[in-house]
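Just so you know, the sequences run in chain order L and B.
Counting in the working numbering, the first sequence runs from 1 upward without gaps.
Counting in the working numbering, the second sequence runs from 371 upward without gaps.
In short, the hints are calculated from the structure, not lab data.
Glycine is no exception: its CB is placed at the ideal position from the N, C-alpha and C atoms.
Where hints are given, some of them may not hold.
What the hints assert, rightly or not - Facing chain B, from chain L, some residues (calculated, C-beta under 8 Å):
| id | residue |
| --- | --- |
| 1 | M1 |
| 2 | G15 |
| 3 | S46 |
| 4 | H224 |
| 5 | M225 |
| 6 | F229 |
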Amino acid sequence: MLQVKPDIAFKKELGRMSGASLNQCIQCGNCAAVCSLAPPERPFPSKEMLWAGWGLKDRLLGNVDVWLCYQCGDCSRYCPRNVRPADVIAAVRQKNYLHYARPRFMGTILSRPALLPVAILIPVAVIILILSLAGTFRIPEGPVDYSKFFPHAWLNSTFSLITLVFYGMAFYGLVRFRRDMKRVIPAPGPVKRPVQMLLPVLGEIFSHSGFSNCESNRLRKYAHMLVIFGFGLLLLVTLYAIVATFTGDYPMSFRNPFKIAGNVASLMIYTGLGIMIHQRLFNRRVFGKTGYPDWLLLVSIFLLTLSGTLVEWARFGNWTIHGDNAIAYYLYFFHLVAVWFVIIFLPYTKLGHMVYRTTALLYARSTGRK
Amino acid sequence: MGLAVCSGCDIGNCLDAESLCSLMAGQAEGIVCMHHPALCSEEGLGKLHRMVRDKKLDRLAIGACSPRVKSSFFQMDGVLVERINLREQVTWVMEAGSEDARMCAEDYIRMGLAKLAQIASPAPYVPEKIAAEIVVLGGGVTGLTAAVQGASAGYRVHLVEKTDRLGGYANRIHKLSPVTAGHTALCEPDVASLAALAESHPLVEIHLNSTLASVSGEPGNFTVELDDGAGTVLRAGSLVVASGWKPYDPSRLQTLGYGSTGQVKTLEEFEQFAGEGKIPERVLFMLCAGSRDKDHLPYCSAYCCGAALKQALYVRESNPGSEVYIVYRDIRTTGFQEDFYRSVQSDEAIFMTRGQVESVRQSGQALEVTVLDSSLGERIRLETDMVVLATGMVPSTTTDLNLQYRLGKGLPELKYAFSDSHFICFPYETRRTGIYAAGTVRAPMDIESSREDGAGAMLKAIQCIECVSRGESVHPRTGDRSWPELYMERCTDCKRCTEECPFGSYDETEKGTPLPNPARCRRCGICVGSCPERVISFADFSIQSISAMIKAIPVPDEFAEKPRILVFVCENDAYPALDTAGMKRLKLTPYARIIPVRCLGSVNSVWIKDALAQGFDGVLLIGCMPGDDYQCHFIHGSELTEKRGENLGEALRTMMLEPERIRTRFVEITGHHEICKMINEYAEAMEALGPNPYKGM
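Let's have the full structure, built from the sequences with the hints guiding it.
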């Protein structure tokens, strides 16, 4: 039996974040009826809507089902009261990032528009500190060579270390998240080892099979595919580049297959992001509210890719303004800050769904939950 | 006697108006005939009026369109007019120029002329002294509204209230659900000002602490004795019954915790409690408590959802930290109440959950409520300080009208014991003519609807007095001046008419002799159909008039291979359905002859015997749909016919005829396809059965 202790503050917070008027829900169950993911015995997302209506924090944090959702928007489209369950689910996810984020203040900083300057200042200050320690905090002479500005050894070691520290904290959050998932929706029967499920889950993620069920928005599947594969490709290219700094094959030439792959990947990301941004701007009925976390992710990935492209062109083209090629180094600096927002801040931003969703999928599949 | 045949609207293409006229003129003496290509045109009407004037006609048969159209065109002072439906029932449904269509038209004209010879213009019945006063029973919102409205229209109103105070249930109301535009803010109760209006009106006479000792007489002239200690006797032309409701007995809801603790209240109790300003911090409302439940009240009381939402605001307005839980099955807020519902929903401290309360038990100072959440299929437990059960409405009994009628002291009851009300056509109309039910005694409703009901019923009460004073019937034969006359010498006191009259028009002596009250009569003619001695007749509708119509039809002999069936159709639904069939140019067998009747219940079995003796192969009776849906305009005319049909079966056996030769069918007013099918199939079935052996005898 569910002991209900209403939590008005949590309910109001969800309402504020989602922009949805939760109380207007008439519990008709339409959202669950149209959702392609809803298991018949436990209607999704209507039960989450009910729990949100009571403000049941401990049912919504660590709720596996909200992470299985593809955010296709069918529930919002068919809601007779225009409560927009999809936005409520998005807000619940956002609440999850904040709840499991360590240190907590990082979650806070990255979830509030007012704190964006602080979020920018952190990487700026850290990078300046590293450059100062390396003794290269100035614009180098001669043709553009980024390693003169930020020596490879310094870059690879410090950025890897910082990333590991943040991801370590994220892992701690994931462990707590997994523990909560077991409590909120216990496994109904025998449980398989999550490792056994890893391949099927990855297959599911990369094939985008779940996206195919989204009735309201078919383009989204391809947009997401373009971004995720483009991003993956770029990660590979980056890893190769790091290796190349050791093998001496760096900087790569313009005809290097990895370099070409990197450029193709950035084109994929531009296309995917373009579709996503266009849809968020012009398909409100399905997407409902696009909040700060959504824009933060879209814009930072866009700026990361754009600055990467510009950095590359500045190097190959040896860009100068009034005979001064300092512009290339400014772009490089900007690119490094963007790396922070996308890669290092991952546990605190919407990109965190990569790890939360994968963890949730592993739990769901290992407990036989579809 | 005159006959005018129109050949407009395709009639001329199907029938030859000229030869119809000359044929009729040749068959009977003293018949003046005319025909015109458009009888309803200025020229046609001019010719018609000239003929009536020149030949000094007092009876006129018009063979043209249905009597249901153009009635005013063919009304003439001092002339008895019979409309013969050659358009909808012949021309538009039969093959043009065919012999069968011609025979049908000729028969209809013969029937019309035969009827005309048998009927007379009715002399209206008006009670000796008409009382233009109205008694309103019940001083609640409905009764007060009725009284004020009636008095404002210039009628003296006697408002009879059993308690010592006007206002009824509304007196206990702390605040009103929103009634002003926007429908979000609670309103101050205004029953006191309504009561003051009634008290100050010179035409309203208020009788507090009074009940009705007896009501006798008939519309226009009721005698109402009060039980008020003083033995007051009033006269009234009509009555409005607004005796209201009482809450469902909460002691039957012990499973929901009622009675075990003072922390479980009903809506009514909480209303008063809230008025005293002692509202706890957490309150749970359970809607549909003992409503829409086969073990309690099976129906929805229409007001409880709105009232509970209102009371939820009492809780919220009393303390900003308060919380309200509403457990519901469906929130039913009609009309503007939906706006109110949505505004209440915008308060995040009001938690609504779809489910059913399973148990309420004390847990320290608080109550622990278990709810089966029907959306989740899961039990949830909530802690609260008070539980409010939204119990439904139970109508007051109307037996305290103490009617001195043969059919009982109160109004007939409908499903769920609400008082009689013709809810399809006129909701205030009861089976006791001149007595109108209004407000929660006839259906569950909220205050706003009660006001409307009070005003509406008062209008009907006024209309009744006006109709009766002109000797006219009220709904549904509004304006009918005929009334049943009894030839008492031949009456055998068999009580059929007193028992079968749905309106209690007949009282009876101890011996069983009927005592007619013509002003109570709705002119359905059920008594005409009921009387085995055939002593009851209307001036324009009698055993003789219909028999004459039947006998005017020459039935072809068995060798002609032209079967004939006689169809009695009810004028209320079946006849209009046939007209529609005509307008839609559906096909109707030319072997049927149709006779409209006031109600299927008015068909006397002698007519059926006449028809069979005449050689008709079958008799089909088509009436309104019977049953709880109350579509039969005269309540149980159709049912009576079925019952009487059983007795007729016996008669058929003695005549050695097959029982299929009489059939009863029912049709809705929209059933134009069905009625054609019924008649055509019946004609085919009778053709297959073979000719009536009495043919040609």
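Hints, verified against the model:
Annotation: interface hint on M1(L) holds; nearest CB of chain B at approximately 5 Å, less than 8 Å. Satisfaction of the interface hint for G15(L) is found here, the shortest Cβ-Cβ separation to chain B being roughly 7 Å, below the 8 Å cut-off. Checking S46(L) against chain B by beta carbon gives a least distance of about 6 Å; that is within 8 Å, so the hint holds. The closest approach between the C-beta of H224(L) and any C-beta of chain B is roughly 31 Å, which is over the 8 Å cut-off, so the hint fails.
Taking 8 Å as the C-beta contact cut-off toward chain B, the hint placing M225(L) at the interface is violated, the least distance being around 35 Å. Hint status for F229(L): violated, given a least beta-carbon distance of 39 Å to chain B, over 8 Å.
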